Amino acid sequence: MGIETVAEALEREHHEIDGGIETFSAALTGGAPDPGPLTRATAALRRHIYLEEEFLFPPLRAAGLVMPVFVMVREHGEMWKILDALDDELRDGAVGASVPGLLRDLQEQLAAHNPKEEQILYPQTEQVLSPAAKGELRELLEAGRTPAGWVCEALRS
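So in the UniProt record's numbering, spot 151 of the sequence shown is number 151, and the numbers just go up one at a time.
It cannot be assumed that every hint is accurate.
As the list claims (entries may be wrong) - Dumping the calculated SDA-like pairs for lysine to any residue here, alpha-carbon to alpha-carbon at most 25 Å: (1) Lys116 / Glu16; (2) Lys116 / Met79; (3) Lys116 / Arg138; (4) Lys116 / Arg74; (5) Lys81 / Thr39; (6) Lys116 / Val71.
Everything labelled a hint here was simulated from the structure, so no lab data went into it.
Small disclaimer: the values here were computed from a predicted structure and weren't measured.
Can you make the complete structure from the sequences, with help from the hints?
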């Protein structure tokens, strides 16, 4: 098996994030689930958004994909607000009453958002990223973290 491309790694992350959210959602029907899978999934989603906005979107914009990137940034802002609300609801380790609705909203956002990235933006990554940028992005996909205080582009003042 060959080395995973950046596009494949980003798509794999989509599936892993979705899986964490689905695991928590399924456990939610059974009572008081462990928030760990959801907490890990939301942290991974924040990091994923960070990587896209800081490392992938600038070269995609430069390559002429300004409108598709604009749409993704706007959608990231909508998801970020849901992530903030989920963080507030899970802050004390308990699952607040609004969590099921927030999860539903997040899953709907992701179901609409991810295919657009996977079909429109990700196929361009091999052409627009330099070898050095691909290497850096792969390293960040494996071990990178969202910098403290970083906020998605759509919500910056």
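Hints versus structure:
Taking the CA atoms of Lys116 and Glu16, the gap is about 17 Å. The hint holds against a cut of 25 Å. Annotation: proposed proximity of Lys116 to Met79 holds, straight-line Cα distance about 15 Å (limit 25 Å). Taking the CA atoms of Lys116 and Arg138, the gap is near 21 Å; set against the 25 Å cutoff, the hint holds. Taking the CA atoms of Lys116 and Arg74, the gap is near 13 Å; set against the 25 Å cutoff, the hint holds.
Annotation: proposed proximity of Lys81 to Thr39 holds, straight-line Cα distance about 15 Å (limit 25 Å). Taking the CA atoms of Lys116 and Val71, the gap is near 10 Å; set against the 25 Å cutoff, the hint holds.
Of the numbered hints given earlier, the model fails none.
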